[in-house]
Structures are given as structure tokens and as C-alpha cells.
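Colleague: Chains R and E are the protein sequences, given in the same order. Note that UniProt numbering numbers the first sequence so that position 24 is 24, with each residue one more than the last. Note that UniProt numbering numbers the second sequence so that position 196 is 196, with each residue one more than the last.
No lab work stands behind these hints, which were simulated from the structure alone. Don't take every hint at face value.
[Stated by the list, open to error] Simulated coverage check for chain E against chain R, where a stretch passes if three residues somewhere in it have a Cβ under 8 Å from a Cβ of chain R:
1) 52 to 66
2) 88 to 96
3) 173 to 181
4) 234 to 246
[What the hints assert, rightly or not] Below are the DSS-like pairs computed for lysine-lysine, each with C-alpha atoms no more than 30 Å apart in a straight line:
5) E/110 x E/134
6) E/45 x R/54
7) R/10 x E/243
8) R/53 x E/134
As the structure is a computational prediction, the values presented were derived from the model and not from experiment. We put the beta carbon where it would ideally sit given N, CA and C, even for glycine.
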Amino acid sequence: SLDRFPLGEKRLMDVKLGELGSWLGKRDFTPNGVLASIRNGHDRYYNKYINVKKGGIGGVAMLLVGYVALSYMWEYDHLSEYRLWEYDDLRVPTTYNIIHLKAL
Amino acid sequence: MLSRIVFVSANAVKSSSPLGAGLVQLSHLHTSPNSQAPVPALPEKGGKTRHGIIPEEIFQLLYPKTGVTGPYVLGAGLLTYILSKEIYIINHETFAAACMGTVIIYGVRKFGPDVAAFADKLNEEKVQKAQEVKDLAMTSLAQAVLDEKKEQWRAEGRQMLFDAKRNNVAMLLETNRRERVHMVTNEVKKRLDYQIALQTLHRRMEQEHMVNWVEKNVVTSITPQQEKTSIAKCITDLKVLAKVQQAKATA
Chain R
1 SLDRFPLGEK RLMDVKLGEL GSWLGKRDFT PNGVLASIRN GHDRYYNKYI NVKKGGIGGV
61 AMLLVGYVAL SYMWEYDHLS EYRLWEYDDL RVPTTYNIIH LKAL
Chain E
1 MLSRIVFVSA NAVKSSSPLG AGLVQLSHLH TSPNSQAPVP ALPEKGGKTR HGIIPEEIFQ
61 LLYPKTGVTG PYVLGAGLLT YILSKEIYII NHETFAAACM GTVIIYGVRK FGPDVAAFAD
121 KLNEEKVQKA QEVKDLAMTS LAQAVLDEKK EQWRAEGRQM LFDAKRNNVA MLLETNRRER
181 VHMVTNEVKK RLDYQIALQT LHRRMEQEHM VNWVEKNVVT SITPQQEKTS IAKCITDLKV
241 LAKVQQAKAT A
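If we strip away everything but chain R, and leave its shape as in the complex, we get (with noise of 0.2 Å):
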């Protein structure tokens, strides 16, 4: 039933599978666009979230998850020398370990 309107104006929910890719082409990434978007994205969150009258911590709280999930990905090149073991194998230990181990 929504075959009838243009792939550009579906919400992501509406569009099938296969025409994912055309219609991620289809939308607008000048910068107003992609402002509008992120001002858009906040106005969701925002007025489901924190602009009612009894909000719950859900709202701050799933930022603060999201800043923390955010920064540990930015950061995992750094914490990956601190890995216990080497792939998938459990019996080699990483450099740091050996290191700290050796010095046991």
C-alpha cells in the first residue's frame, strides 16, 4: 500500500530491504539537511523523554549509556593492549600480560 508515494519521502520503517541503498541516495545530506536531521533526531528524543511532566531517569540515563558506550568504542585501540588473551585462543596471554607475568 505505501508502493504508491516516492522512495525519498518513506520513513526508514516503510522502506523495504532491497531498496535500502537507493533510498539512503535519495536523502539530503547538505549541511542544512543533515542539520535538520539531528535537529530533528533531538526533537524525538527530547519531547518523548524530558519535556513531560513526571519524567523518569530514562531519559538522562540512556545518554549517559550512550556517552559511555560512545567513548569506550572510541577508545578500544588503546584498552586492546589490555586484552587477557590473543584471539580466541584462552591459553596465549597478551604482551602486557606476559610483561606483567614475567615480572611475577
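Following the hints, put chain E in place on chain R, whose structure we already have.
Modeller: Just chain E now, with coordinates in the frame of chain R:
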């Protein structure tokens, strides 16, 4: 709960950031500056979240296929996967995160409702103040309407005022007319009195003159002959009277 404080203080920081909460909210509620539609009320409760960090929509999404425990099993499987593949690396910070998480969860569980009630009270006070201002404005405006109606009723009474003034003017005119009538009467009476006095004077003068003239003529017409005879008559009369008197006295 924390979002309540965010909202309460959102107005304070509205102007401090370009994407500040209040500005965005205001810029999207009314698209034109002249729209008169009432601002829609805020929703009572926010989007539901399970355990504070997972939106309820995930659970609703998976319920038809996996039932109630589906998302929890998904969570456990994901956790195992990221731990075993060392996508999440257990290091010294994991312990710190666990301690902080425990403290945070304990704090939220214990003090959550109190902070929520406090923020609600702040909001209540704000709303009440605005409501008071609105009520005051309403009562004062209603009073102004009543006063205006009263002034209109008073203005209708102007007719009576004009009638009274007309009566006053008529009375003044009447008084003036009567004064003048009196004056006229007096003046006419004075003139007529003068004429009467003049006539009486004429008559008196004529009378006196006539009397004087008659007296003078009579006096001059008494000849010495008549005078003598009259004196003799008088003497004889006196004598007779004396005799009568003597007779009366001795009798």
C-alpha cells in the same frame, strides 16, 4: 526523575546554548508568530524504559516472536559474545565501573522518589504562580467589564441630568420674568401715585386758597356798623347767659 530537574532548570539554561531545550521547543510549537491556537499540554509520563536504560519498545518488538524472556536472553547472549570475543575487555576499569554502578543504582533506588517529589513541588509552585497571575488578570478584567457596564448605565441617566438642568434654567427665567413684572408694577404704581398726589395737592391748594379768599373777603366786609351791633348783641347775650347761670346756681 533527573529529567524533571533538567526540565525545571531547562528554562534557566535556555539561552545558554543554541540547541538549548527551551529554544528548540519554542521554535517548533508555533510555526508562525501569529497563531492563536492554545499550546498543547505536556504528556504526563515519558517514554517507558525497562531498568532505566532499555526502552520498552525493544520488549514490545520481540514479544510476538520470543515471549517475555526474549530480550533478556538476547541481552545475556550479547553479553557472553562481547566478553568471549573480548569486544569488551575486562581491565582495572571494569572494577571501578562495577563499584560506581552499584553506588549509582543504590542511590537512585533509595533517593529517587524523594528527588522526584521535590522537583514536582518546584514545578507545582511555578504552575501555581502562573495560575495566580492568570486568575488575578481574569478577576480584574471581569471587574473592569462590570465597571464598564455600570458606566454605561450611568450614561443613560444623563437624560435625567439634562431634565434637571432644563428645569433650573426655566426656573431662572421664570424668576427673572417675575422680578421684571414686579418692577413694572412698582414703577407704574409710583407714577400713578404721583399723579394722585398731584391732583390732591391741586385740590387742597384750591380749597385753601378759596378759604383764605373767603375769609379775607368776609373780614374786609365786616363794616364798623356791623361790628358795633354784633358786639352789643354779644354783650346782651352774655348778660342773659349770666342771668340764666345765676338762676341755675341759686336753684
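Colleague: For the pair we were handed, residue 110 of chain E and residue 134 of chain E, check the Cα-Cα distance against 30 Å.
Modeller: It is violated: about 38 Å lies between the C-alpha atoms, which goes past 30 Å.
Colleague: Are residue 10 of chain R and residue 243 of chain E close enough, with their CA atoms no more than 30 Å apart?
Modeller: At roughly 176 Å apart (the allowed maximum being 30 Å), residue 243 of chain E and residue 10 of chain R break the hint.
Colleague: Given that the stretch 52 to 66 of chain E was listed as covered by chain R, double-check it with a C-beta distance under 8 Å for 3 or more residues.
Modeller: n = 3 at 8 Å, threshold three: holds.
Colleague: Is residue 45 of chain E close enough to residue 54 of chain R, meaning Cα to Cα at most 30 Å?
Modeller: Holds, because 5 Å separates the two Cα atoms, which is no more than 30 Å.
Colleague: Cut-off 8 Å, C-beta pairs, minimum 3 residues; does the coverage of the stretch 88 to 96 of chain E by chain R stand?
Modeller: Three-residue rule met by the stretch 88 to 96 of chain E, so holds; n is 4.
Colleague: How does the stretch 173 to 181 of chain E fare against chain R when you require at least three residues with a CB closer than 8 Å, holds or violated?
Modeller: With 0 residues in contact (Cβ-Cβ under 8 Å with chain R), the coverage given for the stretch 173 to 181 of chain E is violated.
Colleague: Can you confirm whether chain R covers the stretch 234 to 246 of chain E, using C-beta to C-beta distances below 8 Å and requiring at least three such residues?
Modeller: violated (count 0)
Colleague: Between residue 53 of chain R and residue 134 of chain E, does the CA-CA distance stay at or below 30 Å?
Modeller: Holds, because 20 Å separates the two Cα atoms, which is no more than 30 Å.
Checked against the numbered hints listed earlier, the structure breaks hints 3, 4, 5 and 7; every other hint is satisfied.
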